[in-house]
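S.K.: Each chain is listed here by its residues.
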Amino acid sequence: MPEMTMAQALNDALDLALADERVVVIGEDVGTTGGVFRVTDGLAARHGSDRVIDTPVAESGIVGAAFGMAVAGLRPVAEIQFLGFAYPAFDQIVSHVGRIRNRSNHRFSAPMVIRIPYGGGIGAAEHHSESNEAIFVHTPGVKVVVPATPRDAKGLLLAAIDDPDPVVFLEPIRVYRALKQDVPEGRYTVPIGVAAVVREGTDVTIVSYGAVLRDARRAAELLGAEGVSAEVIDLRTLSPLDADTVLDSARKTGRVVVAVEGHRTLSVASEVAALVQERALYSLLAPVERVTGFDTVVPLKRTEHHYIPSPDRIAAAARQTLEA
Amino acid sequence: MDVIRYLAEDGSLLADPPVGTDRARDLFAAMIVARTYDRKASALQRQGRLATYAQFEGQEAAQIGSAAALRADDWMVGTYRDAAAMWHQGYGWEQLFLGRMGDERGGSPPEGVNVLPPSITVGAHMIHAVGLSWAERLMGSDRIALTYFGDGATSEGDFHEAMNFAAVFSTPTVFLCQNNGWAISMSRADQTRSETIAVKAVAYGMPGVLVDGNDALAMLAVTTEAVERARSGGGPTLIEALTYRVGPHTTADDAGRYRADDEVDAWRTRDPIDRLRAYLQQTGEWSEAWESDLEVDASAEIEAAVAAAEDLAAFEPDGHLGRAFAEPTRPLADQRRFVPGDDHA
Ligand SMILES: Cc1ncc(C[n+]2csc(CCOP(=O)(O)OP(=O)(O)O)c2C)c(N)n1
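Just so you know, the protein sequences line up as chains E and D, in that order. Mapping of the first sequence onto my numbering: position 98 corresponds to residue 112, and the numbering continues sequentially without gaps. Mapping of the second sequence onto my numbering: position 119 corresponds to residue 598, and the numbering continues sequentially without gaps.
If you are wondering where the hints come from, they were derived from the structure by calculation, not from laboratory data. Quick caveat, the model's predicted, so the values are computed rather than measured. Just so you know, nobody snuck in bad clues.
Not the full set, but computed from the structure, chain E residues with beta-carbon under 7 angstroms of chain D:
#1 G82
#2 A86
#3 G155
Even glycine gets a Cβ: it sits at the ideal position worked out from N, Cα and C.
The following block holds chain E by itself, in its conformation from the complex (with noise of 0.2 angstroms):
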């Protein structure tokens, strides 16, 4: 198995996907230079500038041409450049993307993926580090699928182009090449819909996905250290959620912390509270804690490590619901 960077990984599974006819890639700067983060490297050459396609810069464009092309019976990839800038984009996609099979009453449907790079820690520009995932998974109509591992990214990438409703695959930036992993070749899928359990612990459970599961593992680590034994779940999909993975840890250990590098209200992490608080409320031995970015604009370079959840910060949430 070749070790992969999530960049490279992608690249694989974009590569392996364009083998089918009805897929084509379409974006800003895709083709000849192969995206901003090099994700559609060399994809042009090898298949073609009328399968991998450089676009005028118009992010509604971009989704709604695609839109036209999967109902049409076509498979596209769309990427957005970075999340910041997804918004023009984003009336295509929830008024039209996420609609159009219940509009039509299932005669028309929109199998496509919507790429966008997401999320902060980079020291990136204003707008290259908006981690407004919330706002896809309050869309009706769309999935949304965040790897955090390069060997999820290509098996959820791949499940994503197969699937038959849009997905809105949100790539976090500062794992592209923070890590390298053996990666299986050739085609297989992760399920869309399924959470992982990616360290099992009996005392507290730490939910968490995309760049924020590395810092929810290195808090794990810390608190092994104390004696205290963390299980880690990567949720790998925000919508539909995987509740039942959730709950039964929730059940097992008794007490739940989600980290989340979203703004705080109206989070991910809010909905993931409010269904353990529903629904295993009496097994809970702590009230659930919350560990999220800000309801601020993402800061710039020089504070925006005090608004991506860190391992302390998670860290000492999961204590507070030990001290309970």
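We have chain E; now place chain D with the ligand onto it with these hints.
M.R.: For chain D with the ligand alone, coordinates are given in the frame of chain E:
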């Protein structure tokens, strides 16, 4: 830019007719059916049997004339006001009524009819036509897409993204603006400082055409040319059809607040059905008996569609939970227990 016109307002020919009288009679018959639907829908709305309805009276030639230029398997992407065109392309009256009755089954035309359900948001759907026709070309088919929109919609950003994409990628897309003078209360003159909508095509690098939208023969001729250009690899065209909605914006609108009666009266004298009838009379192809037969048949067709739509049993209370995705997701399945009157819990 000259306005392309084949029929003078009195129905006399200004140029060699682009089609024979048989086609002209077909267009006339279709326009009669469309007007019958439109008036029936307005009446049903007043009786509370339809939700808000957007009339198209006055725009029958713009819609039927252009739709008649399409092949049966071409794509059409229209708005809430384009029922006549959609029907001509195979979207049933029953479905159109159902949509206005608040039933999502109105959104699904029969298999093989490549017409998207009407877009209520203005502008966004034009780029869908670009994607649809682009996909067809990539898949090696020669289907094209035609999209309808109003003059107001050309102010939306998506109009510009759609026009630009279509020209840059030379997609087989026909953009058909029905400039009916108004966008709710906003006049065409206040909508844009462009002298015409058609001239906007120049900026994107595609042909722009100005046509008399109340002249069914002219509509068929210019749309046919644009469709053939698209189908043969010549890229997109923007057509501006000069027409008028004689009714209000919708049944919820009071056009008297912003529009003078004499403007409406002037346009009534340019009625597209009257004009085509005058032409057919002059060519000896019209008779009173024929038109009254058409009206009887049209009434029967529309009444049958109303009855079929009203007789369709409503969805189960939780019916809407199953339409968001191909298979209901687990969270949606869990939410069934909250649906009132539902016994699936
Ligand atoms: C994105 C969006 N903004 C606002 C509206 C509300 N609205 C409905 S119709 C309309 C005017 C559209 O005018 P035009 O495009 O000229 O079409 P017409 O109704 O005259 O056929 C507006 C503003 C809408 N439907 N969609």
